[in-house]
Each structure stands twice: as C-alpha cells, then as structure tokens.
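*Asks:* Since the structure of chain P is provided, determine the placement of chain S on it from the hints.
In the order they appear, the protein sequences are chains P and S.
Whatever position you read off the first sequence (first residue = 1), add 15 for the working numbering.
Whatever position you read off the second sequence (first residue = 1), add 405 for the working numbering.
Treat the hints with care, since some could be wrong.
Unchecked claim - With the Cβ distance kept under 7 Å, some of the chain S side facing chain P (calculated, not the full set): (1) L511; (2) V518; (3) L702.
Unchecked claim - Calculated Cβ distances over 10 Å to all of chain P for the following chain S residues: (4) S407; (5) S463; (6) G469; (7) M512; (8) I569; (9) G583; (10) G658; (11) F665; (12) P680; (13) V688; (14) V692.
Stated by the list, open to error - The list that follows gives simulated cross-link-like pairs (lysine-lysine, DSSO-like), each with its CA atoms no further than 30 Å apart: (15) P:K18 / S:K721; (16) P:K18 / P:K369; (17) P:K362 / S:K602; (18) P:K369 / S:K721; (19) S:K710 / P:K255; (20) P:K18 / P:K229; (21) S:K721 / P:K362; (22) P:K18 / S:K602.
In case anyone wonders, no lab produced these hints; they're calculated from the structure.
The beta carbon of each residue, even a glycine, is placed where N, CA and C say it ideally should be.
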Amino acid sequence: MNKINSYSTGLVAALAVFFGLLVGAIIMLVSGFNPVTGYISLIQSALGSSLNIGEVLRAMTPLVLTAAGFLVAQSAGFFNIGLSGQVWVGWIASTWFVLANQGMNPWILIPVAVIIGALGGAIMGFIPGWLRAQFGASEVITTIMLNYIALYGGNAIVQGLPNKMMATTDMTKTLDASDSLRWDFLSNLTGGSRLNIGFLIALIALLAIWFVMKRTTLGFEIRAVGLNPNAARYAGMSAKRNAITAMTISGLLAGLAGATEGLGTYLNIFSQSAAPQVGYDGMAVALLASGSFLGIIFAGFLFSVLSVGGLGMPLATGVPTELVSVVTASIIFFIGANYLIRLILVKLDEDDSKDKGKQKKHKTTKADQKEAK
Amino acid sequence: MSVETILQLVISSTLVYSAPLIFTALGGTFSERAGIVNVGLEGTMIMGAFAGVVFNLSFADQFGHATPWLGLVAGAVIGLIFSLIHAIATVTLRADHIVSGTVMNLMAPALGVYIIKLMYGKGQTSMISQNFGYWNVPGLSKIPFIGPILFTKTSSTAWVAIFIAFVAYWLLYKTRFGLRLRSVGENPQAADTLGLKVYTLRYAGVLISGVLGGIGGALFAQSIAGNFSASTIVGQGYMSMAAMIFGRWNPIGAMGAALFFGFSQSMAIVGAQLPVINQIPAVYLQVAPYVLTILILVIFFAKSKAPAADGINYIKSV
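Only chain P is shown next, with the shape it has when bound in the complex (with noise of 0.2 Å):
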C-alpha cells in the first residue's frame, strides 16, 4: 500500500489534465461534435499567432497571483474561496485610484495605484482570516459570502462614482495608456495584445512569495501552523496571528492581480455581475500546482490557454465556451480524486511486471529445451 503515494506528483497532475481533457472530449462526442478539430481550434485560437500567445500571458497574469495568495493561505491550512471578491475590491481601488487622480506624474501615481489595489485585497483576506482566528468562523463559507458583498457592494460603488468619471452608468471612463500598467514594448512584441507589466509584476511576486514562504522563518511560521497548529503553539509560535498573516498575504496577492486586471488589462471599471471569474480559475491553478511554486507556472499558462482558446471555439467548430470550464473542473476533479490515478499508476506497474514476469518464464523455458535437445 506504501507505493500508492509512491508516485511524483508531477506524473499524477499530468495524468489529471489528460483525463480532464479526454472528459471534454467525450462532451464533445456525445454532443455531435469532432473532439479532434474542436481541441486543434482551441490550440490555434490560443497560441497561433503572437497576438494570442500575448494574450494568454495577459490571461496568465491574474491567474498566477491569485493561485500564489491561494497557496499561501492553503499551507497554513485554509480554503480561500474568497479570491475573487478580493481581487474585484483590488480592481476598483487601484482604478479608482488613477481616475481620482489624473494629472499626477504617472510614476508617482500608477505604483501607489497597485499598492493600494493590493491593500483593498489584503482588508479582504484579513477579514476571514481574523473571524477565523478570533471566532472559529470557517473560512470556506464567510470567504464564499463576502465575495457576494464584495460583488454587491463593489457595484454600488462603481454606479455612486462621480459622473465626470463616467462613461456609462455602469462603466468607468477608460484611462490613458501612458496612465496605466501598458507597455509598448510587450504590446509591439506580442503583436498588439493587452500584455502588459502586471505580467512582470505577478513572476516578481511569485518569486518574493516563494522566498516568504521557503526561505524566511514568517513562511516557515505559517507552514508549520498549516502543518500542525498544536505543534507549533507549542514551540511558541501564535497560530492565530499567522492564520491573519497568511490570509492577509493572500488577499493581497488577489487584491494585486484585481490591479493587473483594471490597471493593465481593461483600464476601466464595470459591474459585475458575479464575482471575477479569475478568483475561482486560479484556485484551480493551485490545486493543479500542488502546491508548487514552479508548478502554478505551468498551471496558469495551461488554463490560460483553455479559457483563451475556448474564446476562439464557438466561431471556429460551434463548440460553447463553457466546454473550456467543465474541462477545467474535471481536471481539478481528478486531482482531488487522485488516489483514483494513483490506483491505476499501481495497477499497470503490477500488470507491467506480471508481463516481464511471464517473459522471463518464456525465456526460462526456452532455455530449458535448448538444454533438453
């Protein structure tokens, strides 16, 4: 039974994204759709000009901050389901921010901008975090309702705006490019596309997060309360003020990719009319990962690509959009349900080694008769 957990867990998230593919494809099947050419349009409408590789680095963006501040808060034990409210209350703080204050140096303003994004999402994960810590209150369900009032609250906001900062009732102006995180320079290098610097700024803190969280004793604190909070209250350190600082941390990685997301990908605000998607899709990048730094790379630009290229499935073979999101939850399925891989991993080794069993026997025989004669 020892071998069971034997097995990489590179090899079995491999194996998750394969059968959530081959899901997929059997949706596609039953549907009366070709799986081949419907998966060859997604790739192509993904990665088949340089537009739509820049595309899905924009895409990758939000996810890779927001499957770093999940993982943070999953190793000191919590489910921050929370992630796209924070990343909406990022999202309006940082624009407001640079609408409120045109004219300022854009140097000045577009860094205190991100910042204060950050800030709105590291209020909204210190919540939980603190109602955890003080109350007992499970994270999963106040982190579910505050993005309904984040949601709720956040478009109030945004239609209260004052009107010079209107286009539409529901809608923002959209900001200048030089007063934004766009950059010329990757936009002319991915033929036009909306990548911009938040690309940069999520690899920047993805690697600051992943030396927190490897190499400092904060990240050492808050892994070993994720690990075992009686343990470590017993060598003195404070469960619930770690539980605060990793829920915190990691509304502020949302609240930063909800910057990204105003900031660099649309320069404007408009309700919603359900919390950002971005907050459940990197949830799924991190339980992808397994908890890997490394691995919410490839992760992120794997689902970046499933939901860029689901874009381009509808126009090309008729296949809806939505194929991209089964296919996404069927992968975080299987890796939920991994002992199912791992049951099948164990099951072609011993098959595997039946087979060279049974050819040594052969050879053994043959052998046997040779001497025979």
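*Replies:* For chain S alone, kept in the frame of chain P given last:
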C-alpha cells in the same frame, strides 16, 4: 397599507424565498450527519434549477398546472445523479470534501449553460410558462386575521418544505436508519466495528442531499427566477449551508434558520413596497443576507458542534 396587508406580504414572500433554502439545508444536514461536508450544494441547486427549467419548458403544454411539481421531480433526479460525483469522489476515492464540492460548483454552471446553448442556441432560457403561483390553504384561510396572514396567497411548496423538515427530523432521530446515518458521521470506526456499512450509509447521506438540493434548485428556478442562466442561483446553496450550521445540523433548526434567511432575502425584493424599509438604499438590503450569514457564524459557531467525523474520510482497513 394596513398592518394585515404588510404582514401578509412579508410572510408570503418570506415563505416563497425560504422554501428552496429549507429543502437544500435539509439535504446538507443529511450529508453532514453522515460525515461528508457538502460545499457542493450550490452546484447541486444549479443542476436542479437547470433540470426544472428544461423540464418545464419542454412539457408545460402536456402537463399544465402539474408541470412545476413534476419539474421538482426532474430536479431531484438530476440532483441525485450530480451528487453521485461528490459521493464517489469523497467516499470511494478519498478526495478532500471541499475540493470535491468546489468541483461541483465549478462544473454545474458550465455544464448547465453548455447544454442550454446546444438546446436553445443562447446562454439563457426563455421564461417558463407554468410556475408555482400562490395558493390558499383550504379551510385554514377562513380563520379570521391569522387566515389571511398565514394561509392566503401563500406558497404551497413552503408548507411542503416545512412538513419535509419534520419528516427529516423523524427519519434522523427516530428511525434505525437515522441512528446509523448519524453514527457514521460521529464515529465511523465504531460503526464499522458494529457491522454497519459505513460507505453505503455515507453514499446514502450524500445522495439524499443531492435529491433535496436538486428539489431546492428546481423550486427556486420555477418559483422565483423563472428561467435558467449562469446567474440563476447566486449563493442560495451556500446560504443553505450556513442555515444548516446555524441550525446546528438539526433538521428543525435548519428549517428555522432557512426561514430567517428567506426573510432577509425577500426584504431585498419586497422592501421597496414597505414603509420605513423602502428608505434604506437597495445595496444594503442586497448584501444583508450575506452579512447576516457571517454574523450568525461568528456568534453561533462556538456553540454549535458539527458531527465529530464531519469532513474526515474513513479508510476501511482490509
């Protein structure tokens, strides 16, 4: 507006909004009493809503006024099938309960809208023609004062939901099945030692929650939303889960909490017609149910106790 009309409006809309939450919260109670945390109630409700609306749109001509009731059956069946994913993942495949529940919540809207797009060519269905209207309870509505307030123009499904809550209580606390179900949620090792089939009972808990969650979703869609899209169910599943916790994993408590949540949800809708409340900006009423959920968790969590083995996978030793 007379006091009688105000009370009548508030109570009847509370009942309409509570009914789906009661069904779903009862479902959650069964699942968690068996030791399986079910965050996937939201997804189950979405699939139930999808099934109910599609059934209603397809068969309204044939079944007439019985359509919404049969739509609930459709929701129950699809909810049952959908919750099987959660049961297999958590009981057989030892998946983390919250991860599996999250998968259901990610899967349900995507799958629902995918099928809707294939069936109707758009991401949102048309409005259903047969929905749950209002109903006067025969006899009881004739009682002076109480009759008009409680039993006139009321929601028949809410009274069914309240009745089911008592049935659920009886099932969980007064029958052998209920005792066994609760025992695998409290101490699966001990239950196993006594010869109970832990896995079967846990499957039963999750599947019952699928049936009730599916009914809840189909009911919400056919009494409140009126159509199906990705934003038909917005947090009602989670709210039901909170109601179950607030109700301390007890069917009657869950029902009471669900009534309370139904009340706060309905305020955002009918509040505009009521004196005093119509002075409050809409956004406060809109977020009130969610804020209340958090407050209730904070205030009552310390006092409420989940089943001891809730959320813990039981791995049978061979």
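*Asks:* So which of those numbered hints doesn't the model satisfy?
*Replies:* 7, 13, 14
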